[in-house]
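Join these two chains into a complex; the hints should help.
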Amino acid sequence: MTAIQETPAQDVAAGAGVRREALYFAVRNGKLLVGFGIAFLLFLLGFAGPLVLDAVDPNAYGTKPMSPPSGEHWFGTTTFGQDVFSQFVYGLQTTFIVGALGGGIAAVIAMAVGFTAGYRGGLVDEILNMFTNIVLVIPTLAVLLIINAYLGVRSVPAQALFIGLTSWPWAARAIRAQTFSLRTRDFVALARLSGSSTRKIIMREIAPNMSSYLFMMFILLFGGSILIASSLDFIGLGPTEGISLGLMLQNANQWSAMQLGMWWWFLPPGAGITAIVGALYVANVGLDEVFNPKLRET
Amino acid sequence: MRQYFGRKLLVYGLTFFVAVTINWMVPRFMPGDPVSSMVARAGVSNPGAVETMRTYYTNLFGFDQPLWKQYANFWAALFQGDFGISIWVFPTPVSEVIMGAVPYTLGLMIPSVLLSWVVGNWAGAFAARRRLLDNTVLPVGYVLTAMPYMWLAVLLAWGLGVVAGVFPVAGGYSFSLQPSLSVEFVADLLHHWVLPFLSLFLVALGGWAIGMRNMIIYELESDYSNYLSALGAPQRLIRRYAFRNAVLPQITGLALQLGVLVAGALVTEIVFSYPGLGSLILKAIQNQDFFLLQGTFMFIVLGVLIANFIIDIVYVVVDPRTRAGMAGAQA
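Read top to bottom, the protein sequences are chains A and B. Residue numbers for the first sequence, in my numbering: 1 to 298. Residue numbers for the second sequence, in my numbering: 1001 to 1331.
In isolation and in its complexed conformation, chain B is listed as follows (with noise of 0.2 Å):
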């Protein structure tokens, strides 16, 4: 177990390395020149002040220091939680405008993602091998699926937001409450939260309804389902077994599917307005402000990395090989 737990920690220590090196690389290597498309993005004729703003700007990325100095300058500012002043909203640090919107993402994420798995997995082991059912939660799992997550949100403001009217479409709360914990405010949170956390939990829904159905009806095909219902067990206890057999492969692919459920909730958030991570990273490319988009995407992959840290110790809780030491998980 320990091994296991060794493995993945070198595994993730290795990918937050590559992920900041990227972070680092790609203002510096990729083709064009940020500094002077900052420069002409903020519109000034006068000679003398586009030169003060180069220098600034040079200074403030440090382009001026040989490339390893600069490297670790970088490492350097990011231990101490540094990471630079944001641009859309001057002077506030990047690390301060990330942190109040982190709140938002994770309330609209976390219920989001672990309902839609927990209801995903229950649909679609109860349709497998039952003809009816399952004529219908295959095809509306796939539609699902395959539904661009911000094309079921704008779906679901249109119709339950506009049309209907029964929920508001932008925002995370009314502008006419100030944030407190007072009954009223928590009560429109929820009722803003509705929307944005429903078509999140739509659209990972179908996938996860159908990766249950096809490894349920793989496992009902195994040798000890034919083995248990040739005893004549009953039904109920062969699908028992054979669901705690088919859920490990769903706890692995929910670590998989990370990265989409993130991307998802990104341009969710978008859609509805919601003050989260996404709709900052839509500020921050609107406003050319490359200091918060960079914090953003250091965030999001330490985010991304502790869910999947997570996820390995309920995958050795739950499944008894790996902390035998067997080969349970592929590390």
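This is chain A alone, in the form it adopts within the complex (with noise of 0.2 Å):
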């Protein structure tokens, strides 16, 4: 979904020219600004809350329980008295980490592979583009399902490794893609000729020239490690400390938090989802505009 169009890759002959173009068309893009400005709000919040809030426990148990938004409870409280604002605030922080983490691992993944297959062609390319088909065919979500399941301690880092190892295929597949269009091109073959090694080529010569396509496939695959971790929060197999967002809405949906009306409860960590991963979404349409000229609204 929402994959970023195969357009072919621009050369960097204007280099300066082009970047100083970029930025121009980037503060004047709402998409972009708004999109960003929502992300690095809820950063803000997941980062900065923690050293404010005076709460240390996100977990700790309140006197209070199943009590509405009020002055001392921002967002209420659950159940068990837990003040559901410094879960969120704490929920938004492991989310982030999460995100960074599996899109990171993801992405690095998918170049060492995409630039490799693209670039080296032949049998390199029919092995890798073998792997990659399956690892893509398998269903991620069950993968991480049974993993773990027989996982006894679950950690946020741990989580994010294994979403990272498994979400980079469709990322590998662009990347190759992109590279077989450019490898043929005469910068490359300059460079090739001059004596480059091949990691030297595809570092100097070939990855920048696709740079804007590398960033925006991070914030997809960003997008995407916060959606499937907050799946496997849900259905149980989450960190076994700490709060994340999926934890939230799983408790919810355990003491029965719909049932009981208690809507300042589930309402925060989906809403604090969404706005993270849609935020992100949308300024990569920005994005999207502001490298590809044919995509301007004019």
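Don't read these hints as lab results, they were simulated from the structure. A quick note: this is a predicted structure, and the numbers were derived from the prediction, not measured. Ideal Cβ placement from N, Cα and C applies to all residues, glycine included. Be aware that one or more of the hints could be misleading.
Chain B side only, calculated, beta carbon under 8 Å to chain A, not exhaustive [said to hold, decoys possible]:
1. 1019
2. 1021
3. 1084
4. 1300
Pulled from the structure, derived: some chain B residues nowhere near chain A, Cβ distances all over 12 Å [what the hints assert, rightly or not]:
5. 1184
6. 1278
7. 1318
This is the structure we're talking about:
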């Protein structure tokens, strides 16, 4: 879904000029500003919030269970008197960590596989392509389910690691296709003639030409990791310690917050996830318009 | 075309092999000892009983045999349709438990996936390059795709089920009824089906609409569209050609999204306690029923592989280039 369009990568001949032009359109692109703005605000809340909050443990039981939002408890409390707002703030933090780690690991694997397959071609490409297709077809969540079920103690980094290890294939395929179209260009041939190593050609000649594409891909992987993690948490295979937005949803569902009319418990975590992922997707559309003149609204 | 299907089948065969191997490896090579954790969870204090349980579970997994033999046994059992005995509903075989749940999951997934694909594509194609519509379809689409499946499910259940009281919020049918082919039962079944269906349908809808909108814009920029409009062809005709080209990547997209859609169906079922595979997985995890969990995993993988293959066949029917032996879809 929302796959980035396969646009031919442009040359960096006009290096600085292109960059200045991109910046010019970036600060004037409403989607980009709003999207990154919302994501950044939530990021601040998640990472600066815990420093301000006096509650040390977001899961600590309180004395006023099931109370609706008030001045004392901004988002109300759970069945056990836990403060929903502090859970939300800490949950945001976990969610960002899972997104960054999971998305980052997936992006690194995707780049390694995609660049190698696309640039080397031939047998290497065949093997890597086969490997990519296999991981692509296996339903990710099902694999994560059995791995996490057997893991006794589950931590946030471990969850992110397994998500990263399973969610890279579509990105690898996209990078491979782009690399394929770039590797026959003259400037790549020139670099090869001048004796640069393969690694150097990929890092210096090919990757910079699709940097915008790589960045947008990372954003999609980031959002995807957050959504998968929240599903895992919800099924009951989330981190065994701490709190995340998915775990909040799981608790709310498990203790029938909905049937008891405790909307303040199940609304914030879902809204938080939707806001982060949605804001990033919208920012991505904005980025697409900045980098790809064809898509700019006239 | 034979090569195209040959490659596809090879990939699916290898995928199945990998999935079975993962399924076999995870209990054996993960840190921690599943046997002692299962024994510990049973909460038996009598040392004699603990020892009996330990040998029972060890035999059940066949842990006392050499590794290669365990692996061979695993495959042999698989081909006999033997997934072990469920611990949650002891002593029903896992395959039987799963077969009872599969119809519910399929009945939920197939209509929601197909309908959301059709409606989403239509909405996206219709909205592209129409300013006013585009500005409504796009934001709504993004909010929908960014939503976790279970959250929309909870919202719908709360709004339409608890507050408005129009639809039941839990179960596959009323507990007062026995499954039968009576009109009353079928009506009740449908009544319980609406909310889970709706939440799956809505979340998936947004993604398809956005994908289609982007593809159509891309096609409308292309040379053949410009040429057609230079010739003075009516916009409707150009859009129709653009649509036919844009729908091909959307078919591939459907195959790519299958995993996400299955995941969505699983968590949605949990929200509504719908008696499909999702609720089964939840029960398996809560009861430490590893056989049931692994059996469900195999069924999901098989289902996704079959669905992939059906999509491949559809692709060949729709895209003549694959039949002519030209490079259509990447293998």
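Unsatisfied constraints (hint numbers, rising): Failing hints, ascending: 2, 3, 6.
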